[in-house]
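Build the full structure now, drawing on both the sequences and the hints.
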Amino acid sequence: MVSAFFFYGTLMHPEILKRVIGNDGSQLQMCPALLLDYTRHQVKNEDYPGILPYSQSRAMFDRDLNSEEKSVRGCLVTGLSDEDVRLLDVFEGDQYTRELISVYPLGPLANIRDIPPKSLVPTTPPSMPMLSELANHIEAATYVWCFPSSDLRAQLWTFEEFVKLNAWKWIGSGSTDNKDYDEVDRRRAMEGTYIDTRS
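If you use this note's numbering, the sequence shown corresponds to residues 1149 to 1347, in order.
No lab work stands behind these hints: they were computed from the structure. From the three backbone atoms N, C-alpha and C, an ideal C-beta is built for every residue, glycine too. Keep in mind that a hint or two might mislead.
Stated by the list, open to error - Distance windows between CB atoms, simulated:
(1) Lys1312 with Lys1192: 16 to 26 Å
(2) Lys1317 with Thr1245: 24 to 34 Å
(3) Asn1314 with Asp1262: 18 to 28 Å
(4) Asp1212 with Leu1282: 33 to 43 Å
Claimed, not checked - In the BS3-like style, the derived pairs of lysine-lysine whose C-alpha atoms are separated by at most 30 Å in a straight line are:
(5) Lys1166 with Lys1317
(6) Lys1192 with Lys1317
(7) Lys1166 with Lys1192
Next up, the structure:
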């Protein structure tokens, strides 16, 4: 069982993460983290992103990216149960594969209840630390885009823009009709019995 996960999109928002796993997340610890040599792109016609190794996404750009642009700022989460992970797999669907990667924590772990969403990725993040200044890397699971890269916009996705423009569709009363929760809600209603009807 993987003990740590790296989230880089909608699941960086504690309320969305708690909605997906169906509990208050009181067992979860979270901190900002950095994934090197990947890029994060908005999925076309969706609010959420996908990541690709820079070796695969380089062709999407007309220039070489700098170290900040080819790094993904996200959050490292520990304390997820086996059932939480099953629900996360359902939520992510077949557009992503769960893979092990190395991430660099950018601060101490704190309980998810004590972290305001905006503090995870500040509006004006500090400049990226030098490699020599990074903490030791941690092996974590993340969800990597596995559909064609043509389904992604070349423009890099930002959490700040998501919070500002689209998070309301994912939390509180705005999330009532959000179809992205349908499968995970169906799974939970079946009390853990899951039949994949998408194939």
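Okay, Asp1212 versus Leu1282 on CB: inside 33 to 43 Å?
-> Distance hint for Asp1212, Leu1282 is violated at roughly 21 Å.
Would the pair Lys1166 and Lys1317 pass a check requiring their Cα atoms to be no farther apart than 30 Å?
-> Distance ~15 Å between Lys1166 and Lys1317 Cα, so the pair holds.
CB-CB spacing for Thr1245 and Lys1317 relative to the 24 to 34 Å hint | holds, 26 Å
Using the C-beta atoms of Asn1314 and Asp1262, is the stated range 18 to 28 Å upheld?
-> holds, 25 Å
Between Lys1312 and Lys1192, does the C-beta distance stay in 16 to 26 Å?
-> Given range 16 to 26 Å: holds, Cβ gap about 20 Å.
Given pair status - Lys1192, Lys1166, alpha carbons within 30 Å = Since the Cα atoms of Lys1166 and Lys1192 sit roughly 25 Å apart, the hinted pair holds (cutoff 30 Å).
Between Lys1192 and Lys1317, is the straight-line Cα distance small enough, at 30 Å or below?
-> At roughly 17 Å apart (the allowed maximum being 30 Å), Lys1317 and Lys1192 satisfy the hint.
When held up to the earlier numbered hints, the structure conflicts with hint 4 and nothing else.
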